[in-house]
Amino acid sequence: MLRPRSLLLLAWLARFTLIDSSIVSRALPDIAADFGRTVGELAWVTTGFLLVLAATLLAAGRLRDRFRSSGCCCWAPAPVRAAA
Numbered sequence: 002m003l004r005p006r007s008l009l010l011l012a013w014l015a016r017f018t019l020i021d022s023s024i025v026s027r028a029l030p031d032i033a034a035d036f037g038r039t040v041g042e043l044a045w046v047t048t049g050f051l052l053v054l055a056a057t058l059l060a061a062g063r064l065r066d067r068f069r070s071s072g073c074c075c076w077a078p079a080p081v082r083a084a085a
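For the sequence shown, my numbering gives the first residue as 2, with consecutive numbering after it.
Keep in mind the hints are simulated off the structure, nothing from the lab.
Beta carbons: idealized from backbone N, C-alpha and C, even for Gly.
Incorrect hints may appear among the rest.
Computed Cβ-Cβ distance ranges for the label pairs, DEER-style [what the hints assert, rightly or not]:
(1) G49 to P5: 31 to 37 Å
(2) R38 to P5: 43 to 49 Å
(3) L43 to I20: 16 to 22 Å
(4) P5 to L51: 23 to 29 Å
(5) F36 to L11: 31 to 37 Å
Put together the whole structure using the sequences plus the hints.
Take a look at the structure:
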């Protein structure tokens, strides 16, 4: 059973995933205009961004399980969020 602290951490990370995906989706028309492509042709941008973000969250969860540190889930996806 998940503890309340773990649930809060999951909710916090889910919020950042939603915010990050919204930012990328909002910027997609500008990216398409810069590269001379349609938004449909650049759907891979959002997919790739969320795939990298999900991979870092999985790695952070694994580090948390291994080292019993909740800080891993906070700092591991930081480079992806900073690049956004």
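Comparing the hints with the structure gives:
A beta carbon spacing of about 34 Å between G49 and P5 agrees with the range 31 to 37 Å that was offered as a hint. Separated by about 45 Å at the C-beta atoms, R38 and P5 satisfy the suggested range of 43 to 49 Å. The supplied range of 16 to 22 Å is met by L43 and I20, whose beta-carbon atoms lie about 20 Å from each other. The hinted window of 23 to 29 Å between P5 and L51 holds, with their beta carbons roughly 27 Å apart.
For the pair F36 and L11, the supplied restraint of 31 to 37 Å holds, since their beta-carbon distance comes to about 35 Å.
Figure legend: structure checked against the earlier numbered hints; every hint is met.
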